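Using my numbering, you'd call the opening residue of the sequence shown number 1 and step up by one each time.
Since the hints were made in silico from the structure, they are not lab data.
Being a predicted model, the structure only gives us computed values, none of them experimental.
Each hint should be verified, as a subset may be incorrect.
[Unchecked claim] Derived DSS-like pairs: lysine-lysine, alpha-carbon spacing no greater than 30 Å straight-line:
1. 183 to 148
2. 148 to 196
3. 196 to 85
4. 4 to 148
5. 196 to 4
[Claimed, not checked] Ranges between beta-carbon positions, derived for each pair:
6. 148 to 41: 27 to 37 Å
7. 218 to 169: 17 to 27 Å
8. 39 to 229: 22 to 32 Å
9. 19 to 108: 47 to 57 Å
10. 8 to 118: 45 to 55 Å
11. 227 to 153: 22 to 32 Å
Ideal Cβ positions, reconstructed from N, Cα and C, are used throughout, including at glycine.
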Amino acid sequence: MFAKSDLRYTAQPLPPRPALTDAQVLTAARTFEDAMSTRCTTRDFDTRPVERAVIESAIRTAGGAPSGANHQPWHFVAIGNPALKAQVRAAAEEEEARFYEGAAGDEWLSALEPIGTGPSKPHLEDAPWLIVIFAQRYGEFDDGTRYKNYYVNESVGIATGFLIAALHQAGLSSLTHTPNPMKFLNDLCQRPASEKPVMILAVGHAAADATTPSAARIKKPLDQIMTALD
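With the hints as extra help, turn the sequences into a complete structure.
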């Protein structure tokens, strides 16, 4: 929560980082690229527990993402309680059943077919943690007055990318899940109406026999996703 008295512009130096040569910069970039290239989505989770401290560390990383006016319009609810995970699964599957029974439309269902998704979501209970990501429509100062948040969707998207990368770097797997609609998550997670649930991340160690859809491993080559204007 922000205090109005703290919101004055003051310049300060960047945090200390090691100075790298051009060659070291390239090596570092490619090392991270190689590490992230092994990230893939799976629905198959091991029952091996994950310490809460690991989840907290990953969420702290996500909380350091850039955001519109530095308002940090996000909230992360980490669910490890088995009974609550079961409630999330039941509510999500109820929405998913309607989705797959016709609400999605033929084109959308056809697009999902190579991914192998369906209304059954056992991973929402199998994964040791569910992280529910909320976008905050507005914030409040310490005196209770509201302020507008800016670029909320963009900011939350960036933070979610940080979170997924941090979880992968910790050796964990994650699955993005977006039941539609998601208002049930406000009640289950005890979050206010001013926050919009954006996504559920199922998080844990991949099962020994975990698989991923082959279609999901097809990534566009660099020349299709980048234009360089040197």
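Hints violated by the structure (numbers, ascending): none
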